[in-house]
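Colleague: The lines below spell out each chain.
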Amino acid sequence: MTALLDIRDLRLGFRTLAGQIDVLHGIDLAIRAGEQVALVGESGSGKSVTARIILGLLQETRSARVSGRVGFDGRDVMMMSPKERAALRGIEMSMIFQDPTSSLNPTFTIERQFAEVMRRPDRKLTRAACRERAARMLDEVSIPDTGRVLDAYPFQLSGGMNQRVMIAMALANNPKLLLADEPGTALDVSVQAQTLDLMRDLVTRHGTSVLFISHNMGVVREFADRIYVIYRGRIVEEGPTPAVFADPGHAYTRALLKAVPRITGRGLPDVPEVSDDFFDPMVRHGGTS
Amino acid sequence: MSPVIRILARRFGISLIVLVGVSMLIFAIARIIPGDPARIALGPNATAEQVAAIRAEMHLDEGILAQYGYFVRDVLRGDLGTSLYTNRPVTFDIRQFLPATLELVILAGILMVGIGLPLGILAARYRGRWPDHLIRVLTLLTVSAPSFVWAVILMLIFAFYLPLFPVAGRLSDSYDITRVTGFLTVDTILAGNWGAFVDALHHLILPSVALALSGIGQAARLTRANMVETYDKPYIEMAQAYGFFPSRIARSYAFKPSLIPSLTIIGLDFAAMLGNAFLVEAVFAWPGLSRYGVAVILRKDLNAIMGTVLVIALTFIVVNIVVDLLIAFLNPRIRHSTRGAAS
Chain A
1 MTALLDIRDL RLGFRTLAGQ IDVLHGIDLA IRAGEQVALV GESGSGKSVT
51 ARIILGLLQE TRSARVSGRV GFDGRDVMMM SPKERAALRG IEMSMIFQDP
101 TSSLNPTFTI ERQFAEVMRR PDRKLTRAAC RERAARMLDE VSIPDTGRVL
151 DAYPFQLSGG MNQRVMIAMA LANNPKLLLA DEPGTALDVS VQAQTLDLMR
201 DLVTRHGTSV LFISHNMGVV REFADRIYVI YRGRIVEEGP TPAVFADPGH
251 AYTRALLKAV PRITGRGLPD VPEVSDDFFD PMVRHGGTS
Chain B
1 MSPVIRILAR RFGISLIVLV GVSMLIFAIA RIIPGDPARI ALGPNATAEQ
51 VAAIRAEMHL DEGILAQYGY FVRDVLRGDL GTSLYTNRPV TFDIRQFLPA
101 TLELVILAGI LMVGIGLPLG ILAARYRGRW PDHLIRVLTL LTVSAPSFVW
151 AVILMLIFAF YLPLFPVAGR LSDSYDITRV TGFLTVDTIL AGNWGAFVDA
201 LHHLILPSVA LALSGIGQAA RLTRANMVET YDKPYIEMAQ AYGFFPSRIA
251 RSYAFKPSLI PSLTIIGLDF AAMLGNAFLV EAVFAWPGLS RYGVAVILRK
301 DLNAIMGTVL VIALTFIVVN IVVDLLIAFL NPRIRHSTRG AAS
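Protein chains in written order, with our numbering: chain A, 1 to 289; chain B, 1 to 343.
Bear in mind the hints are in silico, worked out from the structure with no lab data behind them.
Treat the hints loosely; a few may be bogus.
With a straight-line cut-off of 25 Å between C-alpha atoms, the simulated DSS-like cross-links for lysine-lysine are [what the hints assert, rightly or not]:
(1) A:K83 with B:K233
(2) A:K124 with B:K256
(3) A:K258 with A:K176
(4) B:K256 with B:K233
(5) A:K176 with A:K83
(6) A:K124 with A:K83
Generate coordinates for the entire structure from the input sequences, incorporating the hints supplied.
Modeller: The following block contains the structure:
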């Protein structure tokens with residue numbers, strides 16, 4: 001079975017006055033159709049830039065040097081023109097962000113923002129059709145009183161509500177791939193859990209592939225079929241979620257697992273900032289999820 | 001109560017307080033300036049009886065509060081007294097000269113917004129690249145010199161060395177237009193005289209460009225600065241992640257939220273043009289209110305000074321109300337807030 005997303009030897013560096021700074025050192029990552037995959041690592045490990053390369057956004061930054069292959073649905077995003085890449089965004093792939101409230105345009109109503117998104121593939125969509133479809137999408141993320149929400153501005157809604165709106169918006173055009181960059185990290189834990197549940201149901205029903213970016217192994221366990229652990233621009237462990245949790249092979253993965261806060265724990269876990277064995281070779285778990 | 005009406009009511013309330021303050025200031029200035037207004041009005045050859053009669057007529061022999069009361073009553077009746085300079089009612093003079101200035105200031109305002117904002121948008125969209133550098137250098141140039149310097153430079157280049165525009169005045173002598181509104185561009189259309197309309201517009205261009213140049217630069221720089229800040233907001237990245245066109249992102253996602261902080265300053269700049277017009281009108285021999293204002297100040301013509309100051313204060317108040325309404329229109333947070341508008 002071929003993968004929907006097939007990343008091979010992805011490298012990224014930024015040119016600065018002091019020379020080139022390498023951020024990704026040859027990443028391999030694959031997502032099959034309908035699969036939910038997590039990319040887990042600490043801040044600065046290169047998770048978010050990977051998502052932005054898949055979207056084709058970083059390629060347009062002049063200081064960025066990107067190489068490798070980003071296969072998406074049989075085509076290489078790296079070989080596309082900026083225009084072709086833009087044509088994929090919002091239609092074939094979409095993204096949800098960390099802080100829902102500040103990621104929505106403060107001067108537009110929710111309805112207007114939905115309309116902008118839904119008119120991406122079909123520019124002639126009427127206002128009434130947009131509103132009707134947006135209401136249906138909001139219904140799917142369990143938003144009651146959809147009319148009121150559509151007429152509201154982001155600042156009139158709660159963070160959790162905006163998160164649901166953003167999920168509904170991201171799936172409005174039925175994309176093949178959804179990139180979720182630390183979704184809901186800005187929300188409180190219970191609301192985050194609710195919305196992630198909702199998102200999980202929704203992508204399963206739509207058969208959407210997901211790349212879920214997170215630093216929290218606890219959240220990832222609930223969500224992902226398969227896990228990639230990234231450390232300083234290198235994948236250090238890869239495997240089906242149960243296998244990784246049952247037998248974390250890499251020292252860094254074990255440190256990440258230790259870092260998950262536990263109610264029964266004794267204060268903050270003791271995790272080293274850097275350790276020699278964090279640079280051990282990659283651990284690959286066999287089998288499928 | 002509709003938020004817009006609430007904003008209006010609040011603004012009118014504040015404006016009333018400002019107006020009372022302005023009237024007191026104007027009144028106080030008229031009393032502080034040395035010399036007996038009655039004596040000034042009559043000239044050095046008047047007899048003591050004549051002066052006493054005028055003093056009684058002007059209520060100068062009564063208490064200061066009563067005098068202020070008479071002053072307010074007269075202003076409310078639309079009576080600003082007689083100008084010593086022109087010997088006509090001040091209200092008549094203002095009606096005569098204000099349209100010429102407004103015509104100039106309004107066109108300059110249109111240029112400021114119509115050229116300044118697009119330049120700012122362009123610079124922000126191509127921030128760090130050559131269109132940005134070019135626009136920043138040019139706008140720095142325009143804000144670096146006051147409008148009367150530009151007036152002289154423009155006049156020298158485009159009216160003297162390259163006689164593309166008329167040197168001075170509002171209309172060529174060959175046209176005779178009946179005065180209806182005092183706005184020549186309107187009156188010539190009302191008269192159906194297209195040649196005169198083009199001629200009036202032709203006369204307007206140089207002075208209004210001179211007046212607008214620093215405003216254009218200011219508006220462009222302000223818009224650029226606010227927009228560059230907005231470009232770092234998460235909703236811009238989200239718009240990019242959805243593949244919206246860069247021009248659309250610039251207009252709807254970066255410009256609109258950035259316009260809100262810029263608008264207040266642009267509004268004040270616009271009102272300030274009324275003051276800046278003083279020197280531009282002097283350079284271009286433009287028969288407007290500002291030139292009238294200079295003339296009456298030089299002649300210590302109290303009634304006329306008070307009238308001119310009152311008109312300028314009123315313009316500031318009106319512009320502020322308009323700006324507040326525009327901001328409420330642009331910013332849903334204000335439009336939908338349950339509390340009063342943040343000003």
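Colleague: Determine for every hint whether it applies to the structure shown.
Modeller: Evaluated hints:
Taking the CA atoms of A:K83 and B:K233, the gap is near 23 Å; set against the 25 Å cutoff, the hint holds. For the proposed pair A:K124 and B:K256, the alpha carbon gap of about 24 Å is at most 25 Å, so the pair holds. Only pairs whose Cα atoms come within 25 Å are accepted, and A:K258 paired with A:K176 is rejected, the gap being roughly 34 Å. At most 25 Å may separate the alpha-carbon atoms for a hinted pair to count; B:K256 and B:K233 meet this at roughly 13 Å.
For a cut-off of 25 Å, the pair hint linking A:K176 to A:K83 stands: about 19 Å separates their Cα positions. Note on A:K124 and A:K83: the hinted pairing holds, with a Cα-Cα distance of about 20 Å set against a maximum of 25 Å.
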